[in-house]
Amino acid sequence: MKARVTVTLKTGVLDPQGKAIEGALKSFGLEGIDSVRQGKVFDIEIATQDRSRAEALLKEACEKLLANTVVENYKVEVIG
Amino acid sequence: MRAAVITFPGTNRDGDIARALRMAGAEVIQSWHAEHDLPAGTDLVVLPGGFAYGDYMRTGAIAARANIMDAVRAHAARGGYVLGVCNGFQIACEAGLLPGVLMRNAGLKFVCRMQHLQVGRVDTAFTRHYTAGQVIKVCVAHGEGNYVCDDETALRLEGENRIAFRYCDAAGDITRENPNGSRHAIAGIYSDNLRVLGMMPHPENLVESLVGGTDGQGLFASLVAAE
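Line by line, the protein sequences give chains A and B.
If you're matching positions, the first sequence starts at 1 in the working numbering and goes up one per residue.
If you're matching positions, the second sequence starts at 81 in the working numbering and goes up one per residue.
I should point out that these hints are in silico values taken from the structure, not numbers from a laboratory.
Possibly wrong hints are sitting among the right ones.
Unchecked claim - Capping the alpha-carbon separation at 27 Å, the derived lysine-lysine pairs in DSSO-like fashion look like this: (1) A/K2 / A/K19; (2) B/K189 / A/K26; (3) B/K217 / A/K19; (4) A/K2 / A/K75; (5) A/K40 / B/K189; (6) A/K10 / B/K189.
Bear in mind that the values here come from a model prediction, so they are computed numbers and not experimental data.
Please model the entire structure based on the sequences and the hints provided.
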């Protein structure tokens, strides 16, 4: 199975990289961009075919390593 | 004082901090991250500076899950001393030895310069050779030193007097010269039992007058004298 884990900064956590990207986009004259927050995407292949086991496994991976829950949120999507 | 200095792949300040400890009179044993046990009789574990695992994903995140870190956590739980400097501070936070996390510098730039610090309490194993409120000059060299924690943790750190060092200017003004945007100008913090210290600045760089000063010596002299 394939899965995607998305890790994003929690609201209120300063994101200077996102700000710099936002500034660069605005400097191109792109209209309508209000703000940018930067995050990470992990594409993961999983041996199991059991969707709920896959979700539990990925949640554990997030809690143990992929996200620092002091400042980050994570989202797990099993793509199938 | 027997100190175990841990080397991770990408650590580069292990030699300097080992030297500073030896100069102060400590017995130093170099340890490798893949080991499962600390050297017998370890009093102090040192997590040195560098770029463990290339800072991949988050600084200190992968190193914090290395084999040796279970032994380091057990050592800390027994009341053993741990010193994390720069990348070592990042590793200590990721390993759960200290609260909070070090984020990208607010100004986005890697900051490498001399830096004044205001010393907090001086009744700990790390700071007895300083005086309270003393301003010392060491250096910083980091891209991710912006200390972030939730409001409750910040209040607890302040309330329990666990802020070990704050960034300041030469006159001791902590509202100036913050190199990275750190909350409350935090440069270093203690664990609740005051036996784990994490700090971004490098005291090990300032132990010889030949290379700019000796204000870092007090930390190592304090540790060597600690029980």
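Verification of the supplied hints:
1. A/K2 / A/K19: Violated: A/K2 and A/K19 sit about 32 Å apart, past 27 Å.
2. B/K189 / A/K26: With Cα atoms ~21 Å apart, B/K189 and A/K26 stay inside 27 Å; holds.
3. B/K217 / A/K19: 32 Å, violated
4. A/K2 / A/K75: 14 Å, holds
5. A/K40 / B/K189: 21 Å, holds
6. A/K10 / B/K189: 22 Å, holds
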